[in-house]
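Number of protein chains: 2
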Amino acid sequence: MTQVDPLSMWNAGDAKETILRFVLGTTLKGSETYVPPLERIAVFDNDGTLWVEQPYYTQLRFALDRTRELAADHPEWQTDATLKAALDNDISSIAAQGMAGVAKIVAASHAGITTEELAQAVRDWIESARHPRFRRLYTELIFQPQLQLIRFLREHDYRTYIVSGGGVEFMRAWSQDVYGIPPEQVVGSSAKTVFEMRNGRGVLVQLPEIDLVDDGPGKPVGINKYVGRRPTIAVGNSDGDMEMLQYATTGDGPSLGVYIHHDDAEREYAYDRHAVCGGLDKGIEEAAKRNWLVVSMQNDWNQIFS
Amino acid sequence: MTQVDPLSMWNAGDAKETILRFVLGTTLKGSETYVPPLERIAVFDNDGTLWVEQPYYTQLRFALDRTRELAADHPEWQTDATLKAALDNDISSIAAQGMAGVAKIVAASHAGITTEELAQAVRDWIESARHPRFRRLYTELIFQPQLQLIRFLREHDYRTYIVSGGGVEFMRAWSQDVYGIPPEQVVGSSAKTVFEMRNGRGVLVQLPEIDLVDDGPGKPVGINKYVGRRPTIAVGNSDGDMEMLQYATTGDGPSLGVYIHHDDAEREYAYDRHAVCGGLDKGIEEAAKRNWLVVSMQNDWNQIFS
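Protein chains in written order, with the numbering used here: chain A, 690 to 995; chain B, 690 to 995.
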């Protein structure tokens, strides 16, 4: 009798063993660390945790493309430092502003249209845009070992959430197809919206104002708002995920904090302390202090992309 | 062979038949109005739709009790019209401000504590506070035919959400126990929160600022934010639910809008156009125009409370 390895893309070692032990320990009836199904929440960052975030956030590419399309109608963008940088394709200056800068560009460039129109624009874009280095669709740059992990967790009655600095409408447009994660389990940065009747149809119209920046300390805020529970498992890869991991791992029950470490320049990228996007500096010290699992992409994953 | 009637507390008639036909039509494979399970979302208002909202919102009673407890520490409340009304127990003046007034009192009186402390305070309160007329616990004043409907929908793979002007933390403290609806399926008005480490524990602290007023046009905003899909079924009882029903019933697929009409002064209350809480005026005209189902509590329900 052979048993299929649910995490076959994870190499044997501490990381894989820790994950398997934790998931079985929280789901096997009678286990000392058992967690009832209703409380099994696993939250995953998206950029750099589930897919590539280098040389810069995918959504930033989408937003920059839109910003340039719409620039002629918005002369006022020329006098705003962030939006001017967007029009100049000045990635490093935008990235230096973190998710707040991205959120601002997203909010401005997505305003006025309905959430349904935006979702359609995202789907059109993501079906054709290609990553500058790998020349593949962005949805082909999902980390396959993570897809296995997500599936494994769902098989054990964990609800798997995305909790990302990325825009919620951007991710919801394809999260079901790509991750099997439905829109209601996607938490992200968002613009304010307003309800209107347009041609007899009730719609939500995007406003050029940021509602939530779901990054750093905004992640526990987003989790509490959308999920209303402390997660059991939190997986991230950057300082922007640190508070989410702190929140998940300082409750009363069993918990697992995981950092994905990008140390594979050959198959993907190698970066941490000094990265323009997805920097991991304070977080790595916090990981050591709090005993979070640090996964080496190079050593722990035998495959990265499909 | 006898078959158990899943809506036994609903009298035979148009309302019951419309609901049964719609649910079976959207869930029976091969039906012309079939809706795939992933898209089956039913949203329910809470106050006046799932439980009693007269003589005033239950949560208002809770917030007023807290406001008075904390008044000595907040002399500034004396100079704010809404909070002064709260301290004076001036219900009609507060109710005239609608959910925004309630949200303000809630935000102010719940500030500074963590969401976990607030949930505990709510649970303590709701286990002992009693309704002024019925002298029963508020959780005993749930409309039993609605509980049947919620269960019936869940059995047909609908995800059942609460979308209420009531405070999200207030409802989440007991929604699982009382309705079988988990925290992540409760959408409500909310205060802003901030993440902090307190005594080594990551917590969300309530700020005295309103984040979302989930009422009227705020309901579709809340649904889009939390659920990310247009609902198939929307059930409400007041003008504050009108936009939610408009949103649900103006999409592309099959949909059902339902208004619960409070016309049973003997067993519960009779009110609509001129009610202080939960007024139903514009909505009843919209219901006729859009062919929403109007349920008569008096005629369509053979039981109200447990």
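Please note that the accuracy of each hint is not assured.
Copies of the same chain look alike in the list, so a pair counts if it works inside one copy or between any two.
The list that follows gives simulated cross-link-like pairs (lysine to aspartate or glutamate, EDC-like), each with its CA atoms no further than 20 Å apart [what the hints assert, rightly or not]:
id, residue 1, residue 2
1, K718, E728
2, K978, E885
3, K773, D961
4, K881, E844
5, K881, E898
6, K881, D900
7, K971, E728
8, K978, D703
In short, the hints are calculated from the structure, not lab data.
Okay, the hints, checked on the actual structure:
no.: 1; hint: K718 - E728; result: within (14 Å within a copy, 32 Å between copies)
no.: 2; hint: K978 - E885; result: between (50 Å within a copy, 18 Å between copies)
no.: 3; hint: K773 - D961; result: neither (28 Å within a copy, 53 Å between copies)
no.: 4; hint: K881 - E844; result: neither (35 Å within a copy, 34 Å between copies)
no.: 5; hint: K881 - E898; result: both (6 Å within a copy, 16 Å between copies)
no.: 6; hint: K881 - D900; result: both (5 Å within a copy, 11 Å between copies)
no.: 7; hint: K971 - E728; result: neither (29 Å within a copy, 41 Å between copies)
no.: 8; hint: K978 - D703; result: within (18 Å within a copy, 64 Å between copies)
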